[in-house]
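Visitor: Under the working numbering, think of the first position of the sequence shown as 71, with each following residue one higher.
Read the hints as simulated data drawn from the structure, not as lab findings.
Worth double-checking, as some hints may not be accurate.
Calculated lysine-lysine pairs in the PhoX-like style (CA-CA distance at most 25 angstroms, straight line) [said to hold, decoys possible]:
(1) Lys204 x Lys87
(2) Lys192 x Lys160
(3) Lys293 x Lys308
(4) Lys159 x Lys344
(5) Lys169 x Lys266
(6) Lys266 x Lys325
(7) Lys307 x Lys293
(8) Lys266 x Lys192
(9) Lys329 x Lys286
(10) Lys286 x Lys81
(11) Lys308 x Lys275
(12) Lys160 x Lys344
(13) Lys344 x Lys308
(14) Lys81 x Lys266
(15) Lys325 x Lys307
(16) Lys307 x Lys275
(17) Lys180 x Lys197
(18) Lys85 x Lys160
(19) Lys204 x Lys159
(20) Lys160 x Lys199
Small disclaimer: the values here were computed from a predicted structure and weren't measured.
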Amino acid sequence: MGKDTATANYKLVHKVKDDKFDVDQLHHYNLHISFGPRDLQLAVVDNESNRCLLLEDYILASVSSYQELQALLSRIFESHHLLTAGFWKKVRIAVKNNKFSLIPAPLFVKDALTDYLALNSKIDPDKEKVLYYKHIHTDAICVFAVHNVLYDWLAGLYPNAEVGFIHQSSAIIEGVINYGSNHRNDSMFIFIDRFKLHVVTLRDKNLEYYNQFVIKEFNDYIKYIMLVLQGLHRDQKKSQVALWGYIGRESAHFKEFHKYIRNLSFGDRPNYLKFGYVFDEIQDHQYFDLYSMHLCD
71 MGKDTATANY KLVHKVKDDK FDVDQLHHYN LHISFGPRDL QLAVVDNESN RCLLLEDYIL
131 ASVSSYQELQ ALLSRIFESH HLLTAGFWKK VRIAVKNNKF SLIPAPLFVK DALTDYLALN
191 SKIDPDKEKV LYYKHIHTDA ICVFAVHNVL YDWLAGLYPN AEVGFIHQSS AIIEGVINYG
251 SNHRNDSMFI FIDRFKLHVV TLRDKNLEYY NQFVIKEFND YIKYIMLVLQ GLHRDQKKSQ
311 VALWGYIGRE SAHFKEFHKY IRNLSFGDRP NYLKFGYVFD EIQDHQYFDL YSMHLCD
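Use the sequences and the hints to build the structure in full.
Guide: Here is the structure:
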């Protein structure tokens, strides 16, 4: 059930565990890990029933280097009774950072990974691992970087499992395309993370636009959403906007959004996963990116 515990360096702000979770069945379970410089989320999904069995959400103290971040994450993992287990069926790891680039598949050249990232990020090939993920439901490839300290540590934790790294943007995009297949083609989809705004639009059920924006104050949300709507020639009064993330249904922020976006509604929990009653304490529009990792192979 819900839990809120803290140490000097991190705080567990939410934990939900299904009664059906069986530690002897880890070889049938997929472990999802999503992390950034200030937070960590994890989920466990039964690969056979597609049932979400565990969710945990941590806030991390501010760190000044990747080495400090790795040391902090390592403390969480070492004190956790599951995260260092080596018998998972699959381990998916999503990286939250701004070092990524989306490339149309026909233009993708594997030998040019660093060049793609250099267009909008500062990359150090000696200290960072450059990876890529081919999207399943759109003609795009996400190229992204992970610091070697983090990559080597995480990759080495699970030698007996199938381990895959993705960028957070890929989980969001795959999740939106799946959701959008049953909704209006001209919808805008918004995911509010704790420190960033993610905006996705589809055209004819295909990816039209994705970007993420750093948020420093509330007005930044409205500013960036309006900029995207204007840039794509969308009518803010008519456009359907679905919203996920860390924002309450009755919050002042949501009410403020409604002043600018008339057709705004919360997105649903994904239908490709099953949830027991213990997950009722989590609002349906939360943890969309974490759930969507299930779609990324």
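Visitor: All hints are to be evaluated individually against the structure, with a verdict given for each.
Guide: Against the structure, the hints:
1. Lys204 x Lys87: Violated, at about 32 angstroms.
2. Lys192 x Lys160: At roughly 31 angstroms apart (the allowed maximum being 25 angstroms), Lys160 and Lys192 break the hint.
3. Lys293 x Lys308: holds (18 angstroms)
4. Lys159 x Lys344: holds (18 angstroms)
5. Lys169 x Lys266: Roughly 14 angstroms separates the two Cα atoms, so the pair holds.
6. Lys266 x Lys325: OK: Lys266 and Lys325 at ~19 angstroms, within 25 angstroms.
7. Lys307 x Lys293: Holds, at about 16 angstroms.
8. Lys266 x Lys192: Status holds; Cα separation ~19 angstroms.
9. Lys329 x Lys286: holds (20 angstroms)
10. Lys286 x Lys81: holds (22 angstroms)
11. Lys308 x Lys275: With a Cα-Cα distance of about 18 angstroms, the restraint between Lys308 and Lys275 holds, given a limit of 25 angstroms.
12. Lys160 x Lys344: holds (18 angstroms)
13. Lys344 x Lys308: violated (33 angstroms)
14. Lys81 x Lys266: holds (20 angstroms)
15. Lys325 x Lys307: holds (16 angstroms)
16. Lys307 x Lys275: holds (21 angstroms)
17. Lys180 x Lys197: Satisfied, since the Cα-Cα distance of roughly 19 angstroms is no more than 25 angstroms.
18. Lys85 x Lys160: With Cα atoms ~21 angstroms apart, Lys85 and Lys160 stay inside 25 angstroms; holds.
19. Lys204 x Lys159: Roughly 21 angstroms between the alpha carbons, so the hint for Lys204 and Lys159 holds.
20. Lys160 x Lys199: The given pair, whose Cα atoms are some 21 angstroms apart, holds under the 25 angstroms limit.
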